[in-house]
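My request is simple: use the sequences and hints to build the entire structure.
Each chain, letter by letter, is given below.
Number of protein chains: 6
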Amino acid sequence: MFSLTVRDRFMVAHSFTGEVFGPAQRLHGATFVVEATFRRADLDADGLVVDIGVASQVLRTVLAQVEYRNLDDVEEFAGQNTSTEFLCRWIADRLSVDLGPAVTGLAGITVLLRESDVAWASYEKEL
Amino acid sequence: MFSLTVRDRFMVAHSFTGEVFGPAQRLHGATFVVEATFRRADLDADGLVVDIGVASQVLRTVLAQVEYRNLDDVEEFAGQNTSTEFLCRWIADRLSVDLGPAVTGLAGITVLLRESDVAWASYEKEL
Amino acid sequence: MFSLTVRDRFMVAHSFTGEVFGPAQRLHGATFVVEATFRRADLDADGLVVDIGVASQVLRTVLAQVEYRNLDDVEEFAGQNTSTEFLCRWIADRLSVDLGPAVTGLAGITVLLRESDVAWASYEKEL
Amino acid sequence: MFSLTVRDRFMVAHSFTGEVFGPAQRLHGATFVVEATFRRADLDADGLVVDIGVASQVLRTVLAQVEYRNLDDVEEFAGQNTSTEFLCRWIADRLSVDLGPAVTGLAGITVLLRESDVAWASYEKEL
Amino acid sequence: MFSLTVRDRFMVAHSFTGEVFGPAQRLHGATFVVEATFRRADLDADGLVVDIGVASQVLRTVLAQVEYRNLDDVEEFAGQNTSTEFLCRWIADRLSVDLGPAVTGLAGITVLLRESDVAWASYEKEL
Amino acid sequence: MFSLTVRDRFMVAHSFTGEVFGPAQRLHGATFVVEATFRRADLDADGLVVDIGVASQVLRTVLAQVEYRNLDDVEEFAGQNTSTEFLCRWIADRLSVDLGPAVTGLAGITVLLRESDVAWASYEKEL
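Sequences listed follow chains C, Y, S, W, G and X, in order. My numbering puts the first residue of the first sequence at 1, with every later residue one more than the last. My numbering puts the first residue of the second sequence at 1, with every later residue one more than the last. My numbering puts the first residue of the third sequence at 1, with every later residue one more than the last. My numbering puts the first residue of the fourth sequence at 1, with every later residue one more than the last. My numbering puts the first residue of the fifth sequence at 1, with every later residue one more than the last. My numbering puts the first residue of the sixth sequence at 1, with every later residue one more than the last.
Misleading hints may appear alongside valid ones.
To be verified - Here are the simulated DSSO-like pairs of lysine-lysine, each with C-alpha atoms no more than 27 Å apart in a straight line: (1) Lys125/C - Lys125/Y; (2) Lys125/S - Lys125/X; (3) Lys125/X - Lys125/G; (4) Lys125/W - Lys125/Y.
Calculated directly from the structure, the hints in this document are not laboratory data.
What follows is the structure, given as structure tokens:
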């Protein structure tokens, strides 16, 4: 199995609901460093999993929908805790759609979000 | 599949038995940077794999049992080479116990130990 | 000249005033990874610049005053853009006070804040 | 499952064929930071996946065959785009041969090549 | 003294002249991860050393002049070893010009180029 | 001012004397990732601060004198706390001697030792 990963980043504000979150129930924010990994059993005709330029642009387009936003105000996320894990899945789902024809042949997409140097989460999506 | 990773670190002394270890047969030491990854098929009611605060505290508790120790003197490790691989499994096993009820719903735990910037090991435990 | 650096991190929300900030004028947030460096011409009687435990605790205490906060609501920062550079100086100033007697003998403190994997700022304070 | 990873690096020139590569069709180059991961279901008699010294030396030997080369001139790669993905597989295949008897008991080898701080690829080889 | 750093990267081919370079006399290549640091004694009216957007764009513009190139064919570098150190100075000099009016008030620019995970160089330019 | 940095690493055991060290008074150990920086006002005839191969070899030679050792048993360090800061200076001093003729023209050497991902020290030596 082959994989290709591209990295990008976005900054958001949000708050969490639930006592488990302690001080993170207050409005705060995060820089998320995103690592989007595309998996493919075999390489395509150009010897690639997916073109890095295409992968980077699609990832950028997805992140642009949420960056510099207060996620508490994003309608699509209403009633949800926008946890790091939740955002991983949201990005993976979007990538699988926004890749368009480039998704053909992919076995899966994994999105990893680093919320700091000591904590990160991921979501592995099978295609 | 979702995952959540927290990072911590500990410093120990130890020595190895066996010619394969060369100069590492002498008493020396290491800083181990630990990355403990918890996997879960679905998110819990709070939208999490495991609460980061809980995960960090349990990991800290496990590491506190060995840090600033000479592992050659730890009774539990008698007759064992405390290789990086061995320590990965020991930490993963401990985490699965010390998590208590928080282990419910987890699919697995992976512990990765970086012994330097150019070498690391991991152990993947299924639950 | 000797130096000793400790690293910590905090998460905040804030917004900026001024057209130069573009989309960052909206309420957003950041994870700041903080590297606080203490400089000393000579080592103290224990062979240290400053005890790592003390340095880490003082840094933690300073960061706890702002973490999980919306900096737009912090009275002390009213009328200020809480840019990464500005926060570097605020932390350095606080550290120099909160170190108490441990500040004796230090030549300076530098605070570096990483706002992402591709952008960071610092402030170097002479003592 | 256990794993052991060692890191090394090599620098090469090459060019790509195909419009998808845009400016990378021109002769350019890359530093590849290589992370070779060896997997084993159980530890060997010394408590290891593979000896780090052996793993590092074998990886070095493999990389020495291509480093400081223009890959466009390497006969073995004629007619191939030496993409990061392609090189991952080439290194993994070589490692599995050059490990010699040390390959016994391994479940697999994964080679990850970082071509920059924001892009990397991998190939996972089952044994 | 304040500083602001932005990171980018570029890939090039080149060769070196001189026995000291050993195998690097052959045509090879490198990924250079660039960290451009701008220093200023005081913050500007917006509370910044330099706007991150401006800094990033100017750096990108400078790097675009050499990326995906064989530096042996760049007229401006004829007769020069394009060592990492040499490229640091070339980028710093270009940045100081291409910043245009944004250079006003800056005390200096430092350019650091990482040629791998284990080697890097820098050039510090006073303004 | 130009600089050139090479990175290496070594593993040791040691203990500290003094209540300030808390649990680190027990025999423990560390992996030290070393970054040795050489500074020069102007480049030499080859366009270098110092040849990377030479710098790496000299650093390796210095580190080999202490690696896989219990520093408490090293005669040269008797009666000293081998703190990270202390080791930085020891390495810098050794490098300045062991560089031999390559030290000519250097303005200084800085040695930085990372004892973990969250703590490091340095010593800056003027030449």
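State the violated hints by number, sorted upward, taking the hints as numbered earlier in the document. Going through the list in order, the structure violates no hint and respects every one.
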